[in-house]
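Modelling step: build the complete structure from the supplied sequences, incorporating the hints.
Numbering (numbering that gives the first Met the number 0), first residue to last: 0 to 710.
With a cut-off of at most 25 Å between alpha-carbon atoms, the simulated PhoX-like pairs for lysine-lysine come out as follows:
hint	residue 1	residue 2
1	K499	K458
2	K192	K331
3	K548	K458
4	K331	K282
5	K269	K192
Don't read these hints as lab results, they were simulated from the structure.
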Amino acid sequence: MLAQSAPGDAIEEVVVTAQRREQQISDVPIAISVVSAATLEEVGAKTGASLQGLVPALNINATSSYGGSPVSIRGTSGLGGAEDPVAVYIDDVYTSSGQFSVTALSDVSSVEVVRGPQGTLQGRNATAGALIIRTADPEREFGGYVRATLEDPTAQRIEAAATGPLGQTLTGRMSFDWLNEDGWATNLFDGRKMGGTRMHNVRTTLLWEPVEAARVRLSVNYQDRIVSQPSVRWAQTTIYPAPGPVTPVGTQTPQIPLPAAEQDRYLDGKVVNLNIEPRNHLKSPSVVLNAQYDFGPATLVSVTGASNYINEGVNDSDSLAMTDRQGRNAAKYTGSAISQELRLQSNDSERLDWIVGLYYARYQATMNFDIFNQRLSTPINQVSDFHSDQTNPNWAVFADGTWRLTDQIALTGGVRYTEDTKDFGNTWTSINTDTGAVLGRVPFDAPKRTWTDTSYRAKAAWEPSDDVMAYLSYSKGFKAGGYNAFGVGVQPGYNPEIMKSWEVGVKAYLWERRAFVAAAAYDNLYDNLQVTSGVPTGGVVITNAAAAKIKGFEVEGELRPTPNWTFLANLAYIDGKFSSFPRAPNILGVQVDASGNRLTNSPEWQYFLQAQYRTELNADWDVRATANWRWRDEIYFNPTDQELAHLRGPANGEAGARVSFIYRPMDLTFAVYGNNLNDSRVVANQGLTFSYPQAFFNRSRVIGVQLEKKF
0 MLAQSAPGDA IEEVVVTAQR REQQISDVPI AISVVSAATL EEVGAKTGAS LQGLVPALNI
60 NATSSYGGSP VSIRGTSGLG GAEDPVAVYI DDVYTSSGQF SVTALSDVSS VEVVRGPQGT
120 LQGRNATAGA LIIRTADPER EFGGYVRATL EDPTAQRIEA AATGPLGQTL TGRMSFDWLN
180 EDGWATNLFD GRKMGGTRMH NVRTTLLWEP VEAARVRLSV NYQDRIVSQP SVRWAQTTIY
240 PAPGPVTPVG TQTPQIPLPA AEQDRYLDGK VVNLNIEPRN HLKSPSVVLN AQYDFGPATL
300 VSVTGASNYI NEGVNDSDSL AMTDRQGRNA AKYTGSAISQ ELRLQSNDSE RLDWIVGLYY
360 ARYQATMNFD IFNQRLSTPI NQVSDFHSDQ TNPNWAVFAD GTWRLTDQIA LTGGVRYTED
420 TKDFGNTWTS INTDTGAVLG RVPFDAPKRT WTDTSYRAKA AWEPSDDVMA YLSYSKGFKA
480 GGYNAFGVGV QPGYNPEIMK SWEVGVKAYL WERRAFVAAA AYDNLYDNLQ VTSGVPTGGV
540 VITNAAAAKI KGFEVEGELR PTPNWTFLAN LAYIDGKFSS FPRAPNILGV QVDASGNRLT
600 NSPEWQYFLQ AQYRTELNAD WDVRATANWR WRDEIYFNPT DQELAHLRGP ANGEAGARVS
660 FIYRPMDLTF AVYGNNLNDS RVVANQGLTF SYPQAFFNRS RVIGVQLEKK F
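The following block contains the structure:
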């Protein structure tokens, strides 16, 4: 559950909103975990990637090129791009999960992680599940905090928030988050640090309550973030010779790993060797307007969202230090989004709770991507320029209801009809950079395509007592097809994917509510899942695997044996494999049979353990000490070539700890903490550039001190 109760004997009930209404977590018949603001602080979670391991069956890899990283729930993940099968909602507005790993968790009240298809209520691209982020609300009383942090490797962070009344019916809140991080890796090429982040995030929230029945919340957010992503080519390299007679490249070597001594040099030495610093710069303003009016029997809810973004980056795609022969990429992504949801939902009812709604969204995205080959994977100097434009309007209508047959038995049913349209065009141009000659140009205007789907869910819940609930569910999730911006010619498109899932679960309070446990088992059938593979000359290809089968279970719990001690734990098992994928492109672009291979970014086992002790030192001082351990099994980065160890991420465990001293008379907290205290070093993510594995590492050990003043 991870919602960290306040001091006391019993575990406090946690309120969630995953079903579009406030409910106690023990009454919700779905697999859901909540990470509170207090827990985020205790584990040192600064970004979305920090949630790795905190929640069962949630896997977030290290940041890769252009700030993206795939988010995986129950073995289902995507590329880390604009449309992945894990939906991310910030204050009820959909956002891309591709940038979630580096999204700052600034002034957040909670993060809800919902596992399993959530298409009925959460909508598009929730095939695997959803992450629901709630930012802090304004309050009627003046208050706030200032928090300063210093870390080694060198980083400084300042966070601040202030809230209070602005009139009889108006309250406000403003937050600010600034981070200056040099990075953990030393670049042997020029001695500079890499792997750091420069970020500032500003949010203003207004809450207007003109009458008791009305509530209007406006949130305006701006983020500016520069992230460096050091990488290493994780295989031996065969390249074209220096300028002169052209000698064709010999045997391709992506399947031959770096010697062990070289791997240790990069991992243990915390170094890379790049002539170009991989980095991306994201700027994004966004607005969310939430308006509600209570008519008595029902409440009308309107959620409006609007955002823009510019994401520019460069990547040393050869991951080498050569200057005469090299590969590099330069990218610029721009886009905008508007969305509108209207819901009419019942208020408290003894027998029937219902929701009906309409949803509309329009997304526009433009990509300019240049792939430079300087006598690396081709014998001449050339650049391949990809330019694409896409417009994506989509709308949906949905209904969901829960009927309590008796005080112990409830039935839930929901349905959602979706229409998703993609209007896409791209142009590929290849230019000889020595002569300026155009080597090739392929424009492509795809026919506008529309996909429709009816998703649904059915659940039965049984509550034999106030402290126990068991449920059985069946649900279907849908993710629309689309077009690959790197696709050339007449076949850059891919088809929709469908997830059908059975789930059985139980939630229970035990030992006079000093313990809470939630367990779930599932069996998922995944049709036409969208799989991304690298291309030897640069770029990616997206194909539909025939089918995959995913089954597993997860358990999480909280224990408070005394008012001073709190224990948290979770365990997840995932058995996810391609049941049929007969024409999968391997890392050399050759089609092979990947049937029976494990799904990517899907550890078979993972677990998390945490213990916390808190006590009063005297009349003025409290102390709180926390220690945790998170571990995950090895993962595969590619659907093919899984027998090669250098194309896998090894099993990894990391220890964390935090000791806080609270001076109550001044609401002052001083803390010392550490993450990855055992300084484990592994390849935590990989991309394929020119068919070669580009390795990204986990963060090295971090030691920090923090001072916080609340007012």
